[in-house]
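Undergrad: In case you want the letters, here they are:
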Amino acid sequence: GAGVSQSPSNKVTEKGKDVELRCDPISGHTALYWYRQSLGQGLEFLIYFQGNSAPDKSGLPSDRFSAERTGGSVSTLTIQRTQQEDSAVYLCASSLSPSGGWYEQYFGPGTRLTVT
Amino acid sequence: DQQVKQNSPSLSVQEGRISILNCDYTNSMFDYFLWYKKYPAEGPTFLISISSIKDKNEDGRFTVFLNKSAKHLSLHIVPSQPGDSAVYFCAASGENSGGSNYKLTFGKGTLLTVNP
Numbered sequence: 001g002a003g004v005s006q007s008p009s010n011k012v013t014e015k016g017k018d019v020e021l022r023c024d025p026i027s028g029h030t031a032l033y034w035y036r037q038s039l040g041q042g043l044e045f046l047i048y049f050q051g052n053s054a055p056d057k058s059g060l061p062s063d064r065f066s067a068e069r070t071g072g073s074v075s076t077l078t079i080q081r082t083q084q085e086d087s088a089v090y091l092c093a094s095s096l097s098p099s100g101g102w103y104e105q106y107f108g109p110g111t112r113l114t115v116t
Numbered sequence: 001d002q003q004v005k006q007n008s009p010s011l012s013v014q015e016g017r018i019s020i021l022n023c024d025y026t027n028s029m030f031d032y033f034l035w036y037k038k039y040p041a042e043g044p045t046f047l048i049s050i051s052s053i054k055d056k057n058e059d060g061r062f063t064v065f066l067n068k069s070a071k072h073l074s075l076h077i078v079p080s081q082p083g084d085s086a087v088y089f090c091a092a093s094g095e096n097s098g099g100s101n102y103k104l105t106f107g108k109g110t111l112l113t114v115n116p
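These protein sequence lines are chains A and B, in that order. If you count the first sequence from 1, position 62 lands on 62 in the working numbering, and the numbers rise without skipping. If you count the second sequence from 1, position 28 lands on 28 in the working numbering, and the numbers rise without skipping.
Bound conformation, chain B alone (with noise of 0.2 Å):
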């Protein structure tokens, strides 16, 4: 039972343009959302997060924004770099015992390509 779904395996768009990377959960105990970036070979490395307390958190040219209706985020890359290109993990948690957000539930990912 996959709680995080990320149902794009793959994204490609041109250098300058937006990327938009959608993620979809169905866990309504899921309350903090974030995403991960993944070279090859190298560990995921934190990029934004959001509360479920907000629809929106902006960090530079990074935007994620959360639906908690439709159970949606998304993140908004603008505008996209070829450096940017990489696998892009959604997460979520949500409060375990002692009042912590320990425990991610990852999706699947999505490959971007920025071509230059």
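The following block holds chain A by itself, in its conformation from the complex (with noise of 0.2 Å):
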């Protein structure tokens, strides 16, 4: 079956400017996930959506960032007012609901934002 997709997959920005960048999960994974990973970094936690429940934004690094995730499938990360800073691959990930345990969670193969 078909796995995470994103898009785009490269993705180059001006400064300043906003980006919204899309996640496909797997057809019924009810969890989804961001990171990010920086050059020379580990993935990075940014928001996790599961079912109805009201996401857990805690790794979200400033209020330029926001994401949504619309009928329980498809989301979409927003940043505005990009800064360099931002430059990263921007990875998302599905899982089964891991409520009550631990369920692996599949990457797709993430989108390379270059702020320029």
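Please keep in mind that the hints were generated in silico from the structure rather than gathered at the bench. Cβ atoms here follow ideal geometry from the backbone N, Cα and C, with glycine treated the same way. Keep in mind that a hint or two might mislead.
[Said to hold, decoys possible] Quick list of simulated restraints, FRET-style, between CB atoms:
(1) N57(B) - D63(A): 39 to 47 Å
(2) D63(A) - P82(B): 21 to 29 Å
(3) S58(A) - D31(B): 13 to 21 Å
(4) S74(B) - S73(A): 35 to 43 Å
(5) E15(B) - G3(A): 25 to 33 Å
(6) T113(B) - A54(A): 38 to 46 Å
Work from the hints to combine the two standalone chains into their complex.
TA: As structure tokens, this is what we get:
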């Protein structure tokens, strides 16, 4: 079956512009996660969606970052007024509901964002 | 404050020999540990995990060892194969609200190169 897909695969934007990154999770996965990997760093948790529950936004680095998940499926991560330090690979993952345990998170290929 | 540390950025081994990748953590609330493998231009893929109630978990050529008192885990690959060449990330989670372990904290990764 289809895995997690992300678009675009690469995005170059000018400092100060807004960008939207898209994630299509695996069908049937109720949990969705966003991470980012800056150069030379590990993956950093950004936000978690589970069903209709309020998302866990504790990893968002600033109020310029926001994310939505429409209809419990597709998610969009929006970065407003991009800064050069936002340059990173943004990874989306999905899983079955982790309630009461842990389920493997399946990652997409990521979107490489470069802010010039 | 890096809670999951992979102190070796790279490791090179000969085909057929053992690869040992190490990981240390500082947060005593972590109770579930995972290894992910990542090829270039792809998202990380889950490899193997271990719960804090165990000290060893084995899956084919891959074995993860956990030493809770030392807050240390390691991944052993034997025998190593050229196809194992990838970046290996150690990750950890602790129980979040609702009894689920969804928030992963990742190390910076170790690049393993297996030479034919």
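Undergrad: None of the hints should be skipped; say for each whether it holds.
TA: So, going through the hints one by one against the coordinates:
Remark: the range hint 39 to 47 Å for N57(B) to D63(A) is upheld by a beta-carbon distance near 41 Å. In this structure the hint that D63(A) and P82(B) lie 21 to 29 Å apart at CB is violated, the actual value being about 46 Å. Checked against the given bound of 13 to 21 Å, the beta carbons of S58(A) and D31(B), roughly 19 Å apart, stay inside it. Restraint check, S74(B) to S73(A): a C-beta distance of roughly 38 Å satisfies the suggested window 35 to 43 Å.
The supplied range of 25 to 33 Å is met by E15(B) and G3(A), whose beta-carbon atoms lie about 29 Å from each other. Between T113(B) and A54(A) the beta carbons are some 44 Å apart, a value that agrees with the proposed interval 38 to 46 Å.
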